[in-house]
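If you read the protein sequences in the order shown, they are chains A and B. Its first residue numbered 131, the first sequence is counted upward by one per residue in this note's numbering. Its first residue numbered 32, the second sequence is counted upward by one per residue in this note's numbering.
A couple of the hints might just be wrong.
Covered, in the sense of this in silico footprint (three residues per stretch, anywhere, with C-beta under 8 Å from a C-beta of chain A), are these stretches of chain B [to be verified]: (1) 95–104; (2) 135–145; (3) 150–156; (4) 202–210; (5) 222–233.
None of these hints come from the bench; they were simulated from the model. Just so it is clear, CB atoms sit at the ideal spot from N, CA and C, and this is done for glycine as well.
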Amino acid sequence: MLRRLAFASLTRRRARSLLAVMGVAVSGALLLDMVMLAGGMRDSFRKLLLVRGFQLRIAPKGTLPFDTQATIGQASEIIATLRTNPDIVAISPILGLKLRVPNRNVTTVAIGLDGDVQADYELLSGRPVGGTDRIVANQAFADATHSRLGDTLVVALGYDTPRRRLVIAGIGRFFYTAAGEAVVAVPLATLQATGGSATADRVSLFMARARDGVDPDVVRQWIEQRIPRISAISTGTALKQFDQRMGYFRQLAVILGSISLGVGFLLVTTLVTVSVNERVGEIAVMRAIGVSRQHVVEQIVLEGVALALAGTVLGMGLGLITARAFNAILSDFPGLPAAFQFFVFRPRDAYAAMSMLAAAGALAGIYPAWRAASLPVADTLHGEAIA
Amino acid sequence: MTIAIATPTPRPLLKSELLSARALVRDYPVGGEIVRAVRGIDLEVTAGEYVAIVGPSGCGKSTLLNLLGAIDRPTSGTVAIRALNVGAMTDTQATLFRLHNIGFVFQRFYLMPTLSARENVELPMAEAGVRSAERATRAHELLEYVGLADRERHRPTQLSGGEQQRVAIARALANRPALLLADEPTGELDAHTGAEIIGLFGRLNAKGTTIIVVTHDEELAAAAARVIHMRDGRIIADETRRRA
């Protein structure tokens, strides 16, 4: 009966309740987005790092992967050293350069890699990188050069460097390049040779995969001890660095999330308080005929929770739609990998946002409920009679 | 399922005194001063009585009724119902006591506008923990008793003033109270509808329900066997008469 009364009280002023629910929905949507943002970027970054299971990145000393133009020399020597560690089961050397396609007037990112052990692209059609001239391009490159699978292109590093003929063997989706950025994967040796002596036996980065059950940080320490001229970064340390660099995003998300929670709380408190103030006579009569204070409190808190829950359910849908829109905008940021997501939906985020709003709704109902339960019955009835 | 009664019947009453008020005083602080609304009232009501309290506006009738109904506490003095000092009860105890022992009827009906007539009657029973099916049956019986069996699904806004007051009376009787208290129950009704309510009170009293009614309505007061006259917070006359 009290549940019935609570819901009936909400439907009594439908337009007002609907507006309040929409207000809570907007604040719920923002809260969900902020919760998704706070944890999503990190989650997305982690997934990106582990897309092919390589837990370690090895970059020139003191740098982060592709943070600078610096490269690591004597790459084959490093590979040989790494292979002495039985806990390292795969090594993927990568060289990043800019290549020109002179007769198409296009400059592209070229990633030199070992086609058999690569973690940079996913093949969509055709064949993988291999031989000396078989390359994989992304769709943006194919579009920019008006080329198709099987086409042969002439490329060069600079204006006065030797030219090479490469065949587009496959079309792929690259994990670490920005949306719309033209990129090709080239056999490592071919790319090193294209660069001449400046890139001979040099790489920008190694990716390494530790054996299952082995702590990547133990391997990382081993690598740094054995090869002092490089920096090894595990997924864990990369995430720590990510947290340091992107901490302000999380702080912003927490602040905005808290504000939206506060707004939702105030909305529900205001609406339920107004509703209680309109019904003091009814509440006094309920108390007079024997309805306990506890049940009055329960009814009013239930009203707050119902408003918050209705708003939350609506807000979850709205939050997902707005998160998708925000993601589309932010993913166009220059230099960000297209696969990187700012807003990642995780059920636990939705539960967290819903729980926080429901709790806020319950808390929001407490003040008006306390007011209602504290009404002096006789005085209120007397006041109502005079009114 | 068996329902205990078909028409509202009060609980077994004590033969002697049902209600006793002693040296009852109620003060209100108003604008820094103390206004004495009830000034040392002594009153006994026996089970089955029909009492009307009359007097000019502001003489303390409603305040006295609130004290007798345990919705207000006396500044001093005692109110005992069925030998229980209701003035000394905690709020929780008083609420529970009202739920099971006292039925209230107000001038403005005060039905829950979002509930149907039947749900309004069920409300005190739900609070008392009566099962849903039993509540529905008893609510129907009570509405039938007050002549509104065909209106039980109607909301208060769909009922006339007299009908609303009859629903309010059915609600007051829901938990078979020992005492029915009514504050100006015909105050918002026209003469014809008021007469229906007076008739209903008469029937209830004839069945044994103890009624105390505060009223300005001479016809309602005339229907009572005992009329208490108040002025300035005091009882100035207490007359018992034979009903016509």
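* **Those earlier numbered hints the structure runs against, lowest number first** => Going through the list in order, the structure violates hint 5 alone and respects the others.
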